[in-house]
Amino acid sequence: MRKLAIVTLVLGLCGGAFYAVSAAEKAAEPAKEAAPKAPVECFESRKGASEITQRDIKPGWPNVKCSPKTGAALWYGDPYDGTVPMGKMPGLENIPEGHAVIKPRTEKLALMPMCGVSCHNGVGPAFNPPTLPKDKKPKPNPTMEAMVPDLANLQHGRGRIWCMDCHHTTKRNMLVDHFGDPVSFDQPQLLCGKCHGDKLRDWRDGIHGKRIGSFASTGKKRWFTCTECHNPHNVQDGARNRGFAQLQPEASPQLPRGMKDASHEKLHPIPH
Amino acid sequence: MLSVSALMGSAALMTMSDDAKASTEWAEHFQKNYRLMTDEEKAEARTRLERRYSSEYGKKVAVDTTGPQPGVLMGYALNVRKCIGCRRCVHACVEENNQSRGTRPGEKIEWIQVLRMERGEFSKDKMNHGYPEGLGIQVGGNAYTPAGQVLEGQYHYNPEAVPEKDATYMPIACMQCEKPPCVKVCPVRTTYREADGPVVIDYNWCIGCKMCMNACPYWARRFNLTKPVLPKEEMNPVTHYLGNRPRMRGVVEKCHWCLQRTRHDRYPACVEVCPVGARKFGNLLDPESEVSKILERKNVFRLKAELNTFPKFFYFYD
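If you read the sequences in order, they're chains A and B. Mapping of the first sequence onto my numbering: residues 1 to 272, in sequence order. Mapping of the second sequence onto my numbering: residues 1001 to 1318, in sequence order.
Read the hints as simulated data drawn from the structure, not as lab findings. Among the hints, erroneous ones may be present.
Stated by the list, open to error - If you anchor each label on the Cβ, the simulated ranges turn out as follows:
1. Phe-1030/B x Ala-262/A: 39 to 49 Å
2. Pro-90/A x Lys-1060/B: 40 to 50 Å
3. Leu-267/A x Lys-1184/B: 58 to 68 Å
4. Thr-143/A x Lys-1165/B: 32 to 42 Å
5. Asn-1308/B x Pro-90/A: 40 to 50 Å
6. Glu-1044/B x Pro-104/A: 46 to 56 Å
7. Asp-261/A x Glu-1233/B: 29 to 39 Å
8. Arg-1119/B x Ser-118/A: 39 to 49 Å
Beta carbons: idealized from backbone N, C-alpha and C, even for Gly.
Chain B with its partners taken away, still in its complex shape:
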């Protein structure tokens, strides 16, 4: 009994303290899973975080808790023929979403990966001999010939100028699956699908077990191995609780389609900077939206469709 009262006393003391960080951390320990919080508890958590981030980053930080909007199911489409591999989306994402941007190993986190794929060759003389061997993706010949075998894909390509003549580019990020394997494996159910589509993470409830990273077939999730390096002047003060609020060490993060923007009817940051307009975003329930028009009119495929994850991220070409 004594110990309980002592605990309560110290709790009261901590909450009263002027240090925004200490009092917030204490309260966060007793916070529920975001999905189980009542609206009052969400409001409390929001005020707490706003106070903490504002003192930590020296500016007015807003933590949004806007929920899914009725009649909206977000969808994404990407034109693989248009992508030139300039990686502007990757860096726009970092500007928007407060990722760690240090220089030491594990301190630099990017959610979008751009894969450089070599173009295959289709030569007549190689059509009828050889057996498949080695690694790589076979894009030419037949089942028994290695003709047209290309590299698996390059992440670290760095030419003078893109697009290169013999390459195609394929950006990959979270596919926001309708049946997400990461959600299935999460032992604490901190990652889940929101009603308007995106799969989100309550960073406070994440225990950092990395099960979701193993389960994801699209290499979409990143882990904060170190304390995230986020300079004060580069921090984006417009944040969402389930979106781009600054993360702590030891939690998983990933693309959430810029919830802080899309919940307020604004395109995600990667869509806005793509110089070739390869990235398209819209409401799948609206037949007039650009993604609906693409599904209606273009040749569309999903990455690794055979896994039955049903991504809401579609690749298309003209």
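Extracted from the complex, chain A is given alone in its bound form:
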């Protein structure tokens, strides 16, 4: 009888303890959920060109998944998220209306809203009487170089082109084509193709550059425009010299069981 009482007591105590523990866990859970979630942002092609903020399109289905290691976009839930029609593009007449979309570049360029308003607004001593630049060798402009450091020693064309070859003379929030007509920053291909015609042809056919969405040749695609991948002010850069901007790579694969490192891969059979 006494034994039974002890057993019951022990069981009761255990039960009590268990209840207390589970109650504590329950209390801890909401606290974890309530922690503020920082918005996840990732870059698509190169850093600083086009960032996307992660959000849920529908429950459990994000618009984009970001790499926790490098902050790069890893997976698209909706390839057409935030896109607008590309506009007229010679050579793409076969694509049905609205099947070629882009992400507007204008809203990604921080200086854009100010260009034509703050400085290049046609007001001030330099514009009275209105004058155009006399030659193509601009005086160094510290304000401009401070805002866009790549301009200090512009290497595009290896120093053989200058600002007004690409930017419109009077409309500074526009680019310029061969006829001197303004071109939107959303359609840089119309400008870049002036010199890089072979690349424009390949881009039009989907060989150069990138498109996402439907793979059928007349399907709806989001096209990546030139400046989403290339920085036109920084085409040759230091040690890299040429080629794509350097990125941090994603994690390397798992090592085979028992292997400490991958130094065997770096052994040269013959030193040279």
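Starting from the known structure of chain A, arrange chain B on it as the hints suggest.
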């Protein structure tokens, strides 16, 4: 007779049971090879799996059984000059295709491998002496000199930033051969070429003999040594029966060109994330598709073309 009826009885009992996993497993044991299933049997298998995965991963999982679309032969092209070795395709593939992503040995499966290849040297003074010796790939000199011998390739490179100046990168995954050696050796014929190109696996019929892994000259196939580790929140609920549905322990898996996407006219996941646009995908039967244009216009090669596997994965350069 008694035993048969007992079996039938227990079968009925199991199928009736509320536990989605148990009833599905029982029915799966009596399921045919996917290619021999009638449309009704496919629909049944699909409902069964949807029920099972939905309860296992706690969300609505769709298992697609869409077949090959008429007039489509899928093809892939990769620009080796453009690839910067960032491995974004590798990880995009894992996000999309529900691979095992544990940390213990054999629990982390990636279908794409990116090989870092050292650039060779071509020096005049080494042109006329020496004999080939050692391992490695000779990219310079002549037949008798080891000049320009480079490493075989590195999988585990991990620099601060890519591309490195003295390296080129070569991603490798399943080549979706027209004459696939893996299909030839499969003793149970569970891996086969679909009519629109990709070589697929019916995971339920796979016995895990790994013959296909030995036969594949491109190191494209992976084996689930352990029970795949796939967290519920990371699982991709849009799946295909022959594609990215969650696999079980003891079966082989590999790239299938994201069937769950491409059967519905969407680019594979690796193509969509490549930051340099080196990866191209399209319909080989459509002369306007980007892959057809590449074959028409660029310098193209197939990896290990001498093996007569006829891959539909082409490497090209500008």
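We went through each hint and held it up to the structure:
1. Phe-1030/B x Ala-262/A: 39 to 49 Å: Since the Cβ atoms of Phe-1030/B and Ala-262/A sit about 46 Å apart, the hinted range of 39 to 49 Å holds.
2. Pro-90/A x Lys-1060/B: 40 to 50 Å: 45 Å Cβ-Cβ, so the 40 to 50 Å window holds.
3. Leu-267/A x Lys-1184/B: 58 to 68 Å: violated, 35 Å
4. Thr-143/A x Lys-1165/B: 32 to 42 Å: For Thr-143/A and Lys-1165/B the Cβ distance comes to about 35 Å; the hint holds.
5. Asn-1308/B x Pro-90/A: 40 to 50 Å: Since Asn-1308/B and Pro-90/A have Cβ atoms about 43 Å apart, the given range 40 to 50 Å holds.
6. Glu-1044/B x Pro-104/A: 46 to 56 Å: The hint (46 to 56 Å, Cβ to Cβ) holds, given that Glu-1044/B and Pro-104/A are roughly 48 Å apart.
7. Asp-261/A x Glu-1233/B: 29 to 39 Å: holds, 32 Å
8. Arg-1119/B x Ser-118/A: 39 to 49 Å: At 48 Å between Cβs, range holds.
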